[in-house]
Each structure stands twice: as C-alpha cells, then as structure tokens.
Amino acid sequence: MRKILLTISFTIISFTMFSQNYYWYNGEKIFLEKVENKKFIVFNSFENPLALTNALNIQNLAVKKFDNLKVETGLRLTKPLKNTKSKWAVIEVSKSITLENNENILYHAPFFLTPEKIEAGLSNLFYVKLKKTEDFDVLQKQALKNNVEIIGNNNFMPLWYTLSCSKKSKGNSLQMANYFYEIGMFEASQPDLMTDDSPLCVNDTHFNNQWNLNNTGQNGGTNGIDINFCDARLITSGDPNVIVAVLDTGVEMNHPDLTNMHPLSFDTESGTSPSQVLGNHGTACAGIIGANSNNGDGVSGIAPDSPIMSISNSLAATPNSRQRRADGINFAVNNGASVISNSWGSAIQYQIIDDAIDNALTNGRNGLGCVVVFASGNDNGAVNYPANSNDDILVVGAMSQCGERKNPSSCDGESWWGGNFGTQLDIAAPGVLIPTTDRQGANGYNTNSGLAGDYTQNFNGTSSACPHVAGVAALVLSVNPNLTSQEVNNIIESTAQKVGGYNFSTTANRSNGTWNNEMGYGLINALAAVQAAQVVTISGQELVCSSSNSVFTLQNTPNNVNWSTSSNLEIISSTTSTITVKAKYANSRGDGFITANYNNGAQTTKQVYVGKPYANLPQAPIVCTNQFSMEPYALPASKGAESYRIVSSSPNLTIDGMSEMTYQDAPVLFNFLSTSAGNYLVELFTTNACGISRAAMYVTSERCGGPGGFSISPNPASTEVMIKSNTEKSNTTNQIQSLVFTQTNKLAKLFDFNGAFVKEVELNLTGTTKLDVSNLKEGMYFLKIQAREEEETYKIIVRH
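Going by the working numbering, 390 is the number at position 370 of the sequence shown; the sequence numbering is gapless.
Be a bit skeptical, because a hint or two may be false.
Claimed, not checked - DSS-like, lysine-lysine: derived pairs with alpha carbons at most 27 Å apart: (1) Lys790 to Lys84; (2) Lys790 to Lys766; (3) Lys54 to Lys84; (4) Lys602 to Lys744; (5) Lys187 to Lys161; (6) Lys54 to Lys99; (7) Lys99 to Lys58; (8) Lys58 to Lys152; (9) Lys626 to Lys84; (10) Lys744 to Lys766; (11) Lys105 to Lys49; (12) Lys151 to Lys161; (13) Lys161 to Lys188; (14) Lys84 to Lys58; (15) Lys766 to Lys85; (16) Lys152 to Lys105; (17) Lys518 to Lys58; (18) Lys187 to Lys84; (19) Lys99 to Lys84; (20) Lys49 to Lys107; (21) Lys165 to Lys151; (22) Lys188 to Lys165; (23) Lys85 to Lys152; (24) Lys105 to Lys85; (25) Lys161 to Lys99.
Worth flagging that the hints you see were computed from the coordinates, not collected in a lab.
Could you build all of it, start to finish, from the sequences and the hints given here?
In structure tokens:
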C-alpha cells in the first residue's frame with residue numbers, strides 16, 4: 021500500500037509540473053502566457069501549404085510559415101537522423117484547436133507570450149547542458165525513458181546537446197526541458213522558443229530613446245506601439261526626388277545630423293533665399309522627418325533619403341505674417357516639393373492661406389498634388405485652423421507612448437496639454453517625449469553645450485506628430501511617385517493601426533476603414549503604407565506545365581510573404597521573393613493563379629495558364645456543294661493555345677486558309693469547299709509548350725437550290741423573306757397538291773450556319789409565304805423545304 025501511495029504522489033507532482041507555463045533560465049523561472057489559437061507543427065505528408073490546409077480541414081485555418089525541418093546544422097550528430105524529410109509550419113485559426121488525433125502530425129505545440137508580450141513559438145527541440153562529459157550516459161537514459169531523441173551535440177560547446185520531441189514523447193519540448201532541469205542531473209535545460217529577434221535597425225546614438233520608431237517600453241510605454249519604422253526601412257528610406265518642405269521657423273541647415281538639406285530654401289519674412297533660423301521649432305520638426313539614419317550618431321529620421329526644403333516664417337503675430345505663410349506654401353509648390361509639413365495653426369481663418377493650400381493640393385507635383393500635412397493643435401479640443409479648412413489636408417493628432425490620444429490623463433504624465441481631435445481628425449502619430457535634432461550647442465530647447473546640446477529628448481505636441489506623417493508620406497511616394505495626393509492620403513488612412521482599445525467604427529464620409537473621434541483612422545503604420553503603395557509584380561512565364569518546374573519572382577518584395585496557388589498547381593518550394601511551381605497533374609489544363617499574400621492583408625496575383633491547351637470546335641457547319649461558303653466559318657480561340665491547325669480528312673472537302681497558325685484572341689475565319697455531298701471529318705490540333713490537344717467535328721455538305729421548285733427573295737434580306745412556289749397553277753388547288761406535292765408537312769425550316777434549328781413556317785403552296793427574319797442575327801442561314809420528294813436547301817443571307 022505504501023508503494024502505491026508514493027506512485028500516486030509522484031504522478032500528481034509530474035502533472036502539476038507539466039501544466040505550468042514557464043521555463044528555466046539561470047536558475048530562475050520565466051513565466052509564459054499560452055496563446056490558444058496558434059500552433060507549431062511537424063509533419064511528413066504535405067508538400068506545400070495548400071496541401072496542408074486541405075488535409076487538416078480546419079475552418080479559417082491560415083498557414084503562417086512553412087519550411088523544411090533542418091536541425092543538424094552546427095551539430096555533431098549522435099547517430100544518423102531517422103527522418104530527413106520532415107517539414108514544419110506555423111498555423112493559426114480563429115479559435116483553440118486540437119491536433120492530437122491527426123496521424124499526419126508528428127509533433128505539435130502551442131505559442132506563448134513572453135513577459136514582454138512578445139510572441140514565441142515552441143518548436144520540437146530543447147537543449148540540455150551536461151555537468152561533465154561523462155554524463156552523456158545519464159542523458160541517454162533520460163531520453164529513452166521520456167521518448168525523446170538525442171540529435172547531437174554542439175560543435176563549439178560539446179557539453180550542449182540538442183534533443184527532439186514527438187507526439188510519442190512524455191511532453192512537449194517546454195515540458196521536457198523543465199523536467200530535465202528539475203531532476204537536477206544536468207547543468208541547464210531550455211526549450212527552443214522561437215521569436216523574431218529584431219536587433220536595433222539603426223545605430224544612431226539616441227535611437228534607444230526613440231519609442232516613436234521602435235517602442236520597447238521606454239518612458240513606461242507599451243511595447244510595440246510605434247510606427248513600424250524598422251520594417252519599413254528595409255524597403256525604403258525615401259528618395260532624392262521626393263522633397264519634403266518644412267514650413268516652420270526655419271531649419272538649422274548646417275546641423276551635423278541633417279545632411280540631406282535641399283539646396284533651395286526660402287525665407288518668407290524677407291522674400292529671399294536662403295531660409296533663416298527664426299526659432300527652435302523648425303529644426304526639431306525636420307529631424308523627425310529626415311535626420312541622417314544609421315550614421316552612429318544622434319537620432320534617426322523617418323525618410324533620410326528625401327531632401328528637406330527649409331521654408332522659414334516667424335510663426336509670430338506680426339503684420340503680414342499670414343500672407344507670408346501662404347507665400348511659403350506657394351514657394352514649395354513652385355519648386356518641386358512633394359510633401360509640405362505644417363506644424364502650426366492660427367486662431368483666425370484666412371482665405372489667402374486657403375487658396376495657397378488649394379494650389380498645393382491641385383497643382384503641386386505637376387497636377388498630382390502635394391501631400392499637405394497639418395497638426396491638429398494642442399488645446400485638447402476641436403481641430404484648429406488651417407487643419408480644419410480642407411478635407412484633402414492630412415490632419416494629424418498626437419498619441420502617447422501607451423497608444424492613447426495624448427490628453428491630460430495619458431501615461432506620459434504631461435497633464436497640461438492634449439492633442440486636438442474631432443470630425444476633421446484623420447490620423448494619429450507619436451506626439452510626446454520625441455527625441456529629435458535641436459539647434460546646436462547652447463541654442464535650442466537643450467541648452468547644454470557640446471554635442472549633447474545638438475539634440476532634444478522630449479519634443480512634444482501635435483507639432484512633433486505632424487512630421488511623422490510627412491515622413492511616411494515621403495516613404496510612400498518614394499516607392500510609387502505616380503500616386504496622387506489623395507491616393508497617398510487614402511493609403512495612409514486605410515493602413516493605420518487600431519491601437520489603444522478605442523472603438524473604431526464605420527462612419528459617414530470616412531471611406532478608408534473604421535474611424536474614431538479621438539484617433540482618426542488610428543496610428544500611422546509606415547510599413548503597411550509603403551507595402552500598400554508599392555507597385556508589386558510577380559514575374560515569370562505565362563504557361564506552367566507538369567513536365568518541368570516554373571519559377572516566379574516577386575518584385576519589390578514586402579516582408580512576411582505567404583504564397584498560395586490555384587488547385588491545379590503544385591508548390592515545389594518558396595522563399596520570401598520566389599516560388600517554384602508545376603502543374604499538379606499531367607492532364608491539368610485551364611486558368612490558374614499564383615498569389616503573394618502579405619502580413620497586412622494585401623496580396624498580388626499573377627494569372628497563368630496551366631497545362632495543355634483546349635481545342636474548341638463548336639457545332640459543325642452546313643456548306644453547299646461546289647460553292648464557297650457565303651459566310652466564313654469562325655473557329656473560336658482555344659485557351660492556352662500558342663498555335664493550331666485545322667485539317668480535313670477527305671480530299672472532297674478543302675479548307676481555304678488551312679495551315680498552322682499562331683494563337684490570337686480573335687476567332688480565325690475559314691471557308692469550306694466541297695466537291696460532293698456528304699459528311700466530312702474535320703480535326704483541330706492546338707499546341708503549346710506543354711503538349712498538343714485535339715478536337716473533331718463533321719461538316720455537312722448539301723446540294724443547295726433543289727430542283728428549283730421555289731424562288732427566294734430578297735436575298736440578302738433584312739426584315740422578311742418571300743418564299744414562292746414556281747409550279748404553274750392548275751384549275752384547282754387540290755390538283756396542284758396531288759400532282760406536285762407529296763409531303764403532308766409542307767414546312768420551310770430555317771437553320772443557322774452551324775446547323776442549329778432557328779424557326780419554321782408552313783408553306784402557302786398556291787401563293788407566297790412570308791418568313792420573318794427581322795429579329796435574327798446577321799449572317800448565313802439555310803432554308804430547308806420539305807414539300808416534294810427531294811428535300812430542297814436554299815442559302816439565305818440576313819443583313820440589317
């Protein structure tokens with residue numbers, strides 16, 4: 021009895037251990053939060069994501085990653101691997117799923133959230149460090165006991181071993197790693213938790229503080245709430261042809277971190293060039309847009325490859341200053357600015373400023389329009405002027421590092437101000453505690469002398485939010501300079517991030533997605549906006565066969581691409597930028613597609629033709645013996661054909677134009693000529709690089725005109741045809757019928773060129789019969805009269 025009780029006690033302890041979500045690191049437990057709807061799986065059976073999706077048959081399943089399983093790299097193998105053809109995938113559904121009973125799945129494990137709320141997938145591997153080399157026997161015994169496989173040990177650190185779990189193991193790799201550590205026989209044991217490690221994307225000195233570009237929780241903020249700068253930067257950093265004008269107090273043009281200043285600048289106060297430094301504000305705004313990035317110094321700008329055009333104005337209550345601001349906008353328009361950043365507002369509306377803004381929106385960029393960006397204001401109230409003056413202005417509100425609208429109660433602690441909001445608000449951007457360039461030395465916001473004084477760490481207001489949007493607009497135009505200003509606005513608004521727990525809803529006159537009164541469309545998303553703007557194409561041949569692989573390449577590759585295809589294609593392999601496919605079956609034929617799916621929900625699709633061509637032959641035509649057809653036979657285009665030929669099997673039927681011809685969209689026209697009546701086989705052969713297809717039909721040749729018992733007029737006809745008997749009248753109708761006409765169904769039947777019945781009319785044998793053709797399509801028809809011993813055929817042309 022005592023032995024039984026001890027066994028039960030051990031079972032309870034083990035179950036408790038396996039049910040906990042944590043791992044050991046340097047002797048401490050690191051706790052995790054389980055993600056229910058995402059799994060890491062290992063399998064053998066499926067060659068591509070589509071096959072996996074079909075086999076699992078789980079509603080709303082998405083295959084996020086798919087690749088070959090390679091674990092031997094960097095290891096000294098303990099023994100040859102049992103299975104070298106396994107694959108792995110990450111799958112996601114809308115609810116919790118179980119894969120326990122699926123025989124095709126060799127291993128599955130959940131995803132977790134780390135204490136920093138970073139998503140981590142649990143692979144089938146875990147790592148064990150021996151206390152000493154001789155402990156390998158202990159490792160072998162424990163591996164055998166728990167049904168885990170020892171793959172090998174590390175080439176550089178021989179005490180470290182890699183082990184692999186399966187569904188037969190006594191736990192997943194997290195549970196097994198914890199078990200191996202907690203039994204006290206090994207120095208360390210950790211599961212292989214997979215995260216997308218994101219090193220600092222630039223090396224600027226103050227980048228660690230730039231939560232706006234890479235939020236890791238600085239200043240008590242929320243990890244991940246930023247503009248997705250690092251991922252966007254992998255695609256573009258701007259373009260020298262996309263000029264951003266900063267209409268402000270002037271930019272310090274010799275600042276060491278503002279190395280991409282446009283050579284042309286303007287001072288509105290004097291009406292001359294160059295611009296002047298009339299305050300601190302302009303240099304701070306310019307740094308957010310275009311500070312030199314990844315130069316080992318200072319801060320990083322959003323679009324450092326786009327030149328900054330400095331336009332200085334006092335922004336003060338001085339005579340004529342408002343007209344001068346309008347002059348500044350017009351100068352930017354006339355001198356090639358693509359984006360105009362305006363971190364200022366006015367308590368009074370001015371028609372002269374309205375007209376300048378309208379000029380920029382209408383005539384800028386050779387008629388495509390400048391992207392005009394304005395700050396919403398800092399009064400914690402309604403959007404101010406000029407931001408509220410024109411619906412085509414991109415109006416920017418401020419957001420805190422916690423994803424809230426900047427307000428007196430937001431997490432930044434600055435209770436004395438809030439970003440303006442309301443019906444005119446379009447987008448939100450970081451607007452508090454923003455590191456940026458400052459006037460050099462003791463000048464500016466930071467009065468410290470030396471290099472430290474060249475930067476400020478806490479530039480605030482919708483003034484700092486506005487240049488974020490101007491910088492992203494420059495990125496958008498750098499990948500697609502042909503966009504109109506309204507299209508840029510649409511892209512920025514429709515790709516915004518819904519953050520902060522606000523209720524974003526469908527709103528009248530807001531057509532770019534759900535909208536919120538305090539956040540507009542949400543936080544600007546540099547990556548998604550750039551991806552949406554890219555002219556992404558898939559290059560490759562138009563035809564895919566089963567006999568060889570076809571490679572397709574994605575131009576302007578966004579990050580995180582998942583490939584999918586039509587069901588008649590098989591994916592051989594894929595990377596972020598390429599996919600290799602072939603026709604799934606030897607007899608596959610028809611239209612197909614290849615689609616690149618991006619992580620923001622957008623996609624690019626290329627249409628292809630798969631397999632051998634079709635061979636299309638419609639209903640066979642009727643032709644008249646010893647006559648060319650009055651209407652040519654229209655051979656329809658056959659899908660997928662590169663060339664085709666039409667062949668008669670008999671010398672009694674010749675085809676005018678019969679030869680091998682290249683494919684064309686329009687139907688090919690042929691004329692038939694027969695030397696005797698009969699039915700003749702005609703064959704069509706279509707060809708492309710995948711093979712040849714065949715179709716057949718019989719052409720009917722008939723003697724037209726009969727014995728001349730009837731006259732047909734007019735011919736061609738537009739509205740009606742008159743059918744008149746040529747038999748001379750006898751004394752009575754009965755004598756005519758008994759002497760001449762032998763058929764009881766005295767009918768005239770009309771057939772189209774292909775032999776399909778159209779209509780019929782009963783003949784008036786003693787007079788004229790009218791046949792209505794007014795509703796018929798133009799073309800050739802055959803009238804067959806069954807009133808005598810021999811059927812008579814007459815050719816009729818309808819012309820309207």
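Right, here's what the structure says about each hint:
{"no.": "1", "hint": "Lys790 to Lys84", "result": "violated, 71 Å"}
{"no.": "2", "hint": "Lys790 to Lys766", "result": "holds, 14 Å"}
{"no.": "3", "hint": "Lys54 to Lys84", "result": "holds, 18 Å"}
{"no.": "4", "hint": "Lys602 to Lys744", "result": "violated, 64 Å"}
{"no.": "5", "hint": "Lys187 to Lys161", "result": "holds, 19 Å"}
{"no.": "6", "hint": "Lys54 to Lys99", "result": "violated, 34 Å"}
{"no.": "7", "hint": "Lys99 to Lys58", "result": "violated, 33 Å"}
{"no.": "8", "hint": "Lys58 to Lys152", "result": "violated, 38 Å"}
{"no.": "9", "hint": "Lys626 to Lys84", "result": "holds, 21 Å"}
{"no.": "10", "hint": "Lys744 to Lys766", "result": "holds, 13 Å"}
{"no.": "11", "hint": "Lys105 to Lys49", "result": "violated, 35 Å"}
{"no.": "12", "hint": "Lys151 to Lys161", "result": "holds, 15 Å"}
{"no.": "13", "hint": "Lys161 to Lys188", "result": "holds, 16 Å"}
{"no.": "14", "hint": "Lys84 to Lys58", "result": "holds, 10 Å"}
{"no.": "15", "hint": "Lys766 to Lys85", "result": "violated, 74 Å"}
{"no.": "16", "hint": "Lys152 to Lys105", "result": "violated, 33 Å"}
{"no.": "17", "hint": "Lys518 to Lys58", "result": "holds, 22 Å"}
{"no.": "18", "hint": "Lys187 to Lys84", "result": "holds, 22 Å"}
{"no.": "19", "hint": "Lys99 to Lys84", "result": "violated, 32 Å"}
{"no.": "20", "hint": "Lys49 to Lys107", "result": "violated, 31 Å"}
{"no.": "21", "hint": "Lys165 to Lys151", "result": "holds, 20 Å"}
{"no.": "22", "hint": "Lys188 to Lys165", "result": "holds, 11 Å"}
{"no.": "23", "hint": "Lys85 to Lys152", "result": "violated, 38 Å"}
{"no.": "24", "hint": "Lys105 to Lys85", "result": "holds, 17 Å"}
{"no.": "25", "hint": "Lys161 to Lys99", "result": "holds, 16 Å"}
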